[in-house]
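Chemist: As a plain string of letters, each chain reads:
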Amino acid sequence: MILFIIMAGYLFYIHTQPAAKPVSDEYICTMKEVLYPAVDIIQSEMDNTTLSVWNAARELDGVDASDSSMNLTLLKLRRDVPISFEVGRFDENDTLIASTMKMDETSGTAKATAHYTEEELRAAGANCIISDYGQAGFGEYGVTVTAPIYDADGKYNGTLRLVINTGSLFSGLAEYLRYEYGYTIWVVQDNGLQIYDENTEEIGRNILIDPLYQTASIQNIVKNILENERGNVSYIFYDASWSNYTQTNAIWETIIPGDGMTWRLVLTDNTVQNTGEKDLSMTAEELKAFVENAYTYVNSVGKERALAEFNNPNGQFVDGELYIFAYDRNGTVLALPYQLSMVGLNRWYLEDTSGVKIGQRIIARAEQGGGYVYYLYPNPANNYNKELKLTYVMAVNDEWCIAAGIYMQNSSIAETLSEDWKERENLIRQVRNLEYLSKLEGEASVIEMIRDQKSEVYIEGLYPFAITDNGTMLADSLNPALEGTNQLGLKNSYGMSVMREAISLAKAGGGMMYNLVWDPTTMQENHVLMYIEPAENGSTYFGSMMILE
Amino acid sequence: MAIRYKKKTSQREKRFMMVVILAVIIILIMVALGFLAMFGTAYYVDASLDDPAVLLHVSLSGDDIIISIYGGREVDNLVQLEIEVEGYAHVMMDVPPGAKEVVLSHAAYGVTGTRTVGVHGIFRDGKNVMLIVSSIKFT
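Protein chains in written order, with the working numbering: chain W, 1 to 549; chain E, 1001 to 1139.
Hints in this document: simulated from the structure, not taken from any laboratory.
In this text the structure is predicted, and so the values were computed from the model without any measurement.
Positions of the beta carbon are idealized from the N, C-alpha and C atoms, including for glycine.
Possibly wrong hints are sitting among the right ones.
[As the list claims (entries may be wrong)] Which residues of chain E face chain W? A partial, calculated answer using Cβ under 7 Å:
#1 Val1058
#2 Asp1063
#3 His1120
#4 Phe1123
#5 Lys1137
With the hints as constraints, model all of the structure from the sequences given.
Modeler: Here you go:
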């Protein structure tokens, strides 16, 4: 009897699932016209990356670990591959002996996360080995490109490894395809591991074994994609809201990023239609008052009761798309009412499509007590397009913080970013070039180059600067009048401490951030995307800005 | 029947016993004071923070330190705030009646690193109460 009920339930379930409808060849051809150039872009980027790593490894053949030219080669490689995190030189026992990261007393014992035998490296010929997607030793997630290094006698002497930020590799293209054509992409290794998806929750999952994909129809699709280098298919799966099933039409092609790995780049047409929900109109001041109300609530009822209320989608701190969320200072989600499955997960390394680390920026603001912060985030009221979100953060105490955000209602900024994703790579490349040149030619020389619009570091549309750790501006190509002055007190109309936050970011190793800065040429504040890194001396920071509007 | 005589205690012995007892009492008092100093003050501060007389929040904006005021049972009696930034001189600010925010302009000028910021409230009756202690990352 029980078996009958189970069978009846199963038959009812499979017959009520909608079936995928066939699409025309013409429709598929239209998608192919978009897919093939996209594949070429990624293949070309990976070819250039592996070639850069290979060539750098050849420069290091026969170079002693103590030779100062080693660091220059590593810095140059990191500059030439702006989608990289860090570069490391490992000895034949996989021990780190030099890195673009600051080496400390623990670095001499750090080991590479993947071991390759000399035979495997030689078998790859003149190709680099590409690792599985995973977490690198310094915490970031990506894939590692590895090339062997030999001593002066041709004997195997270790490896050169560069970790790629796969988010940076794919996100710019993904945003461009979404804005231009309404398509999305996801990328999977040939062993089923997803290395990119616009829904970051799916990255790192293996679509062959993860419970999320364990229906017979999805597994058939998955196997079709993994077993065939190219093709097209239609299937039923969740849309971007994860609340509805929808038909997705997909076509895919294969990318060979390096030895030992193939990727399938899958182009899909399942962008969510506008939900029709009204965008919330709220001022920055009203947003602040909303969060302040939550702050007094926490202090009146205590942490446990407050978090329970914040996690209640029907509670007093959820108003449509406006809601309170909470993090602890390590980046663990404490409250997220519309994504309760994420409570307890760590989002320290979560990036937006520009490479801004969302959780880290929120926590950095909390460490200043609180205030406004910007990042890109999918807007459910606008097809889940990434839009600039203004978020107000308040530290509850030294352990956790609360926040809420509103979309800037200015889609032109996000569209600017989607069109200028190559400009973002130039931004990173320019700053890393400043770092490289300061090691090669000295800091004073680089300061002069920043001041000179005809210098080799100058890139039109980008505004490099140099600042010390105590806030003295050494050079500022956007606002030269600030040179020699202390800029720790610089704040914008939202009260954001522009340079304090930039220096804090640089002290933490560097990265991307948004801000609002005064442009003396237009006599107004402009949104900027800023990239900053520490120079080798550790007390000077090089950065650059790209104006977004 | 044997008569038991109580041994007579000499004056010298009595004085010795009194000194010993006094010394023990003093030691006990010192130990108790020590415990109070270590834990009692903390308890007092913690107790005051759990149920603040005035609910405050501290944040940084450029070189300004902003103290936001969110009510509390004694907020109407608050007349001044005394702000301590670790490693720097104290700053006193008057609190206008009904004020929601007190801005200490340039209080963070030149301040870098991460420092403890403590805010005392001075009340109409002269009480000085620690209202909030925050760790602020200046850079």
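Chemist: Please verify that hint: Lys1137 (chain E), Cβ, nearest Cβ of chain W, below 7 Å or not.
Modeler: 4 Å, holds
Chemist: Identify whether the interface hint at Val1058 (chain E) stands, where standing means a beta carbon of chain W within less than 7 Å of its own.
Modeler: 5 Å, holds
Chemist: Regarding the hint that His1120 (chain E) lies at the interface with chain W, is the smallest CB-CB distance below 7 Å?
Modeler: 17 Å, violated
Chemist: Closer than 7 Å between Cβ atoms is the bar; does Phe1123 (chain E) clear it against chain W? Give me holds or violated.
Modeler: It is violated, given that the least Cβ distance between Phe1123 (chain E) and chain W is near 19 Å, above 7 Å.
Chemist: May I ask you to test the interface hint for Asp1063 (chain E) with respect to chain W, counting a Cβ-Cβ separation under 7 Å as satisfied?
Modeler: With Cβ-Cβ at 3 Å, under 7 Å, it holds.
This entry does not satisfy hints 3 and 4, going by the numbered hints stated previously.
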